[in-house]
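Produce the complete structure using the sequences and hints provided.
Protein chains: 2
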Amino acid sequence: MVNTLFLPELREMLAANNQAELVEFCNTLNPGRTAEFMEGLSNEEAWEVLQHADPSRRSEIFGYFAEERQLAMLQTHEPAQVAKLVEEIPEDDRVDLLQEMPEERVDEILPLLPIADRRNIQRLRAYEGETAGGLMTTEVAKLAQNLTAREALEELGRQAGELETIYYIYVVDEDNMLRGIVSTRQLVSSLARPTRTLGEMMETDVVVALATEDQESVAEKVERYNLLAIPVVDSGRRLLGIITHDDVIDVVREELTEDAHRIAAVAPLEDNYLQIGLFTLTWKRGLWLTILFFAALLTAFTLRSYESELESFAWLVWFIPLIISAGGNSGSQSATLVITAMTSGEVEFSDWHRVLTRESVVSLMLGAFLAFIGFSVAIFIAPSFRGALVIPLTLLSVIVCGCLCGATLPILFKRAGLDPALMSNPFVAGIVDILGIVIYINVARILIG
Amino acid sequence: MVNTLFLPELREMLAANNQAELVEFCNTLNPGRTAEFMEGLSNEEAWEVLQHADPSRRSEIFGYFAEERQLAMLQTHEPAQVAKLVEEIPEDDRVDLLQEMPEERVDEILPLLPIADRRNIQRLRAYEGETAGGLMTTEVAKLAQNLTAREALEELGRQAGELETIYYIYVVDEDNMLRGIVSTRQLVSSLARPTRTLGEMMETDVVVALATEDQESVAEKVERYNLLAIPVVDSGRRLLGIITHDDVIDVVREELTEDAHRIAAVAPLEDNYLQIGLFTLTWKRGLWLTILFFAALLTAFTLRSYESELESFAWLVWFIPLIISAGGNSGSQSATLVITAMTSGEVEFSDWHRVLTRESVVSLMLGAFLAFIGFSVAIFIAPSFRGALVIPLTLLSVIVCGCLCGATLPILFKRAGLDPALMSNPFVAGIVDILGIVIYINVARILIG
Chain A
39 MVNTLFLPEL REMLAANNQA ELVEFCNTLN PGRTAEFMEG LSNEEAWEVL
89 QHADPSRRSE IFGYFAEERQ LAMLQTHEPA QVAKLVEEIP EDDRVDLLQE
139 MPEERVDEIL PLLPIADRRN IQRLRAYEGE TAGGLMTTEV AKLAQNLTAR
189 EALEELGRQA GELETIYYIY VVDEDNMLRG IVSTRQLVSS LARPTRTLGE
239 MMETDVVVAL ATEDQESVAE KVERYNLLAI PVVDSGRRLL GIITHDDVID
289 VVREELTEDA HRIAAVAPLE DNYLQIGLFT LTWKRGLWLT ILFFAALLTA
339 FTLRSYESEL ESFAWLVWFI PLIISAGGNS GSQSATLVIT AMTSGEVEFS
389 DWHRVLTRES VVSLMLGAFL AFIGFSVAIF IAPSFRGALV IPLTLLSVIV
439 CGCLCGATLP ILFKRAGLDP ALMSNPFVAG IVDILGIVIY INVARILIG
Chain B
39 MVNTLFLPEL REMLAANNQA ELVEFCNTLN PGRTAEFMEG LSNEEAWEVL
89 QHADPSRRSE IFGYFAEERQ LAMLQTHEPA QVAKLVEEIP EDDRVDLLQE
139 MPEERVDEIL PLLPIADRRN IQRLRAYEGE TAGGLMTTEV AKLAQNLTAR
189 EALEELGRQA GELETIYYIY VVDEDNMLRG IVSTRQLVSS LARPTRTLGE
239 MMETDVVVAL ATEDQESVAE KVERYNLLAI PVVDSGRRLL GIITHDDVID
289 VVREELTEDA HRIAAVAPLE DNYLQIGLFT LTWKRGLWLT ILFFAALLTA
339 FTLRSYESEL ESFAWLVWFI PLIISAGGNS GSQSATLVIT AMTSGEVEFS
389 DWHRVLTRES VVSLMLGAFL AFIGFSVAIF IAPSFRGALV IPLTLLSVIV
439 CGCLCGATLP ILFKRAGLDP ALMSNPFVAG IVDILGIVIY INVARILIG
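First to last, the sequence lines map onto chains A and B. Here the first sequence stands for residues 39 to 487, numbered as in our numbering. Here the second sequence stands for residues 39 to 487, numbered as in our numbering.
No false leads were mixed into what you were given.
Put simply, identical chains are the same to the list, so a pair is met inside one copy or across any two.
SDA-like cross-link-like pairs, simulated, lysine to any residue; straight-line CA separation at most 20 angstroms:
hint, residue 1, residue 2
1, K180, E238
2, K180, G199
3, K122, E83
4, K259, A104
5, K180, R223
6, K259, V40
7, K122, L109
8, K259, V289
9, K259, E77
10, K259, N68
11, K259, D272
12, K259, D288
13, K259, N41
Don't read these hints as lab results, they were simulated from the structure.
Okay, here's the thing in structure tokens:
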């Protein structure tokens with residue numbers, strides 16, 4: 039819910055042009071909360087209020103606005119004013135915002151920035167969005183090996199205002215090659231021996247990310263080693279920048295949400311569900327929905343080919359949706375479990391035989407149980423005992439097939455270098471549907487045909 | 039894949055009892071990598087190698103082992119040896135491990151720990167696992183307001199070895215009430231004015247978590263404010279402990295994976311997919327599978343009640359799976375999109391009318407398109423033109439119903455205080471199945487009945 043606590047006061051302050059109070063509002067609470075209290079204002083009102091903050095705080099508060107507000111503000115005000123704000127925005131966020139804006143607008147703003155910022159933006163823009171290079175900022179603490187702990191702390195103190203984080207110091211040589219890492223914790227602990235150099239303290243075995251590395255791989259490293267930040271290097275191990283933990287949390291959430299969408303046969307939305315254009319949303323859903331529709335059309339033709347059996351044993355028809363959904367639901371479960379286990383790194387291709395064994399056992403137990411229930415119902419509906427047997431036998435087969443399908447197809451897809459989540463549940467269900475009908479009719483033929 | 043690079047050497051060193059080399063192996067690389075190279079060893083071998091690390095490093099390397107290995111090691115060795123290790127393990131991880139172990143074993147180890155550790159474990163065990171209290175560690179930097187920047191840094195240097203993180207300092211008064219927060223970045227920047235006190239520098243508007251707060255809510259705060267760590271307080275704002283970003287990343291991954299499981303009608307697994315017991319896995323899947331099975335049984339009775347129509351128009355039967363899957367897949371998409379949007383905070387209950395509008399428009403577009411394709415096929419199969427019309431009209435209605443159902447049920451569940459992901463896709467599909475059959479037969483009755 040939008041926080042409306044301060045809205046009346048804020049609007050009064052704006053109407054009365056009460057500078058002093060607006061300045062106090064901007065500078066008192068932490069920036070995140072300040073932005074939260076401004077949520078209910080219009081973009082225009084919010085921009086006005088924002089001008090009353092100290093320059094450094096301004097970009098901090100701005101950073102907490104929703105993306106649509108940020109883009110709106112950057113696109114509708116005087117380029118000169120906007121450029122001043124853009125200078126202060128952290129590098130990694132800045133390049134993401136500029137990439138969402140129309141070229142003409144970016145061309146209006148870029149020339150108004152200092153040349154260092156302009157060059158930095160060009161450099162970062164060159165990287166693909168979902169790679170380490172696309173996520174990083176270059177505002178990283180780089181110091182030389184020969185500095186003592188005390189000198190390093192003092193230097194950090196001087197640079198602290200411009201750096202993304204001062205908690206990891208990267209030790210580089212004259213060629214900007216990454217030699218080691220020292221944490222500020224180590225620096226602070228060494229205050230008792232202030233003449234120890236960075237070179238003596240540093241950890242040389244540094245976990246790094248290549249600039250071209252995929253963001254999922256970067257997130258996995260940060261998670262595995264519980265890092266606060268990960269340095270980004272080029273192929274020559276020259277230090278290019280840094281990615282911090284907060285950006286990695288966002289990547290983890292993004293990747294897992296996309297997985298969930300793909301499993302449901304939705305191509306990943308690039309925007310919020312409520313923000314995305316209706317035609318785009320329709321397309322992203324319609325693409326796979328249509329493919330699945332064609333797959334399902336095959337079931338119609340399959341059933342048609344069994345026309346005579348269905349006429350002879352009309353009661354078989356009543357159980358079609360039951361059998362299909364039993365197979366589909368089981369297959370869905372297997373696919374989802376395997377897909378999420380692969381995403382979290384719990385299952386790899388080499389585990390395929392363990393997965394198959396588990397799925398075989400579990401599907402037999404599940405299938406036997408549901409077959410029993412199905413049989414108890416079929417007994418009262420089917421015209422004969424043998425007829426009733428068709429149901430449990432089919433259910434057992436369909437559930438086992440569904441589980442084995444659902445579990446192995448994602449693994450095969452991953453092996454083939456494709457995204458296992460793409461092996462979406464409905465696809466598995468589609469295959470299992472047709473298989474289910476074929477099994478069903480043939481079991482019926484054998485038993486009562 | 040398990041890293042086997044050093045395995046031969048490690049086994050040689052163990053066989054030859056080469057102390058010096060084993061010590062070097064343990065202390066050279068960073069702990070995470072060291073643990074990685076030990077993955078292929080048996081638990082016994084790994085324990086042996088581990089004894090050669092310095093005490094502080096030992097617990098760090100141990101921290102990177104897989105949980106099954108950690109538990110196995112803690113349960114199979116001399117209690118005295120194990121207690122020495124347990125002393126060094128970070129508090130928050132320690133209490134989680136002890137909670138996974140049988141009571142008798144914990145009772146063997148606890149008395150061998152120093153009384154401070156024993157008390158600490160008892161205190162942390164009292165909290166529910168998935169709350170702030172259950173995630174936190176008490177190893178937090180607490181200093182008084184009157185300390186100067188220089189004094190604070192020196193004190194930090196002394197305590198650094200025992201603290202989870204030294205990057206946020208929490209300013210508390212004599213009653214241990216949280217007054218403010220100072221970041222080490224601020225301290226380092228203030229080195230030029232070393233007589234400034236913590237009280238003067240601190241931010242008083244601190245984002246906190248209550249000890250009883252749900253872990254999802256804690257994760258949301260840490261993400262929103264890009265925090266490195268969040269302090270945990272009791273109802274009197276007394277500082278109890280701290281939760282760091284790396285634990286939050288784990289919570290985010292855990293919560294989103296559970297969501298994906300619930301959406302597929304699997305009760306959240308408490309263990310890894312490959313580790314969980316087969317009966318447990320069957321139960322967690324079977325519970326909802328059975329409920330859905332009963333729901334699907336209703337489709338059998340529904341079709342039976344339309345026995346005469348199905349006999350008169352046998353061709354209608356061929357399209358049953360197509361119609362059911364079209365409704366089910368669309369409903370799945372809607373449900374997944376809305377559920378993930380709610381989890382990420384993009385959609386709240388107050389957005390229900392926006393969601394409904396979007397779904398109405400999108401479902402009409404998707405339905406119209408698929409209805410057209412369905413009609414083009416039905417034309418060749420149905421015995422009459424009016425008959426062929428049954429298909430597109432049904433498809434359109436079923437897809438629209440499916441989408442609206444799939445989108446609104448999670449919102450209603452959330453409003454009712456239940457987990458929206460519980461409104462799993464198959465449930466939506468089940469409802470839509472029955473509705474689909476009813477719509478289908480009735481449209482057929484009206485057009486050709």
